[in-house]
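Colleague: Position 81, counted from 1, in the sequence shown is what this note's numbering calls 968; the numbers after and before it change by one each time, with no gaps.
In case anyone wonders, no lab produced these hints; they're calculated from the structure. Misleading hints may appear alongside valid ones.
FRET-style restraints, in silico, Cβ to Cβ [claimed, not checked]:
#, residue 1, residue 2, range
1, K938, D960, 30 to 36 Å
2, T956, K908, 24 to 30 Å
3, Q892, D960, 18 to 24 Å
4, Q892, F926, 15 to 21 Å
5, R891, K974, 15 to 21 Å
6, S904, F926, 19 to 25 Å
7, T956, I999, 20 to 26 Å
8, N913, H983, 21 to 27 Å
9, D960, T901, 29 to 35 Å
10, E928, E905, 32 to 38 Å
We put the beta carbon where it would ideally sit given N, CA and C, even for glycine.
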Amino acid sequence: MDIRQLIARIRWKTGTSENTKTRTINRIQTLADAVESQFPEVRKWNQIKLKHLMFIRNTWFDRENLATTTKEDYFRAMRLLIMAMGKDRHWFGPLHLKKNRDRGGRPTMSRITRSKSRSIAKRY
888 MDIRQLIARI
898 RWKTGTSENT
908 KTRTINRIQT
918 LADAVESQFP
928 EVRKWNQIKL
938 KHLMFIRNTW
948 FDRENLATTT
958 KEDYFRAMRL
968 LIMAMGKDRH
978 WFGPLHLKKN
988 RDRGGRPTMS
998 RITRSKSRSI
1008 AKRY
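Given these sequences and hints, build the entire structure.
Modeller: Here you go:
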């Protein structure tokens, strides 16, 4: 699945390592590929629905036998994917991805923009 348009919406904080960026993008790509392999009718990122990510959360993680820390990294990538799609308001609750501010956690290294900058728009 081609997720270049979603990746173009991600803005990284200055000082974010290339390794972190690459790992996060690869995890988003893995999630998108898992959706596409389970649901062949989903070929584009804008066809992903809540039920597809519910499958990822409820079934795929268990089937892959991922460690707890790796699952948390995938949850962060899933959160970023959903925000880039613009569905965060409606999908975070059912997917249990809402952040609890009291609990703490890793600082956010990225944010999502709704429009592309001119330099990014020229590449496509």
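Colleague: Determine for every hint whether it applies to the structure shown.
Modeller: Here's how the hints hold up against the structure:
| no. | hint | result |
| --- | --- | --- |
| 1 | K938 to D960: 30 to 36 Å | violated, 23 Å |
| 2 | T956 to K908: 24 to 30 Å | violated, 19 Å |
| 3 | Q892 to D960: 18 to 24 Å | holds, 23 Å |
| 4 | Q892 to F926: 15 to 21 Å | holds, 20 Å |
| 5 | R891 to K974: 15 to 21 Å | holds, 18 Å |
| 6 | S904 to F926: 19 to 25 Å | violated, 33 Å |
| 7 | T956 to I999: 20 to 26 Å | holds, 24 Å |
| 8 | N913 to H983: 21 to 27 Å | holds, 23 Å |
| 9 | D960 to T901: 29 to 35 Å | violated, 22 Å |
| 10 | E928 to E905: 32 to 38 Å | holds, 35 Å |
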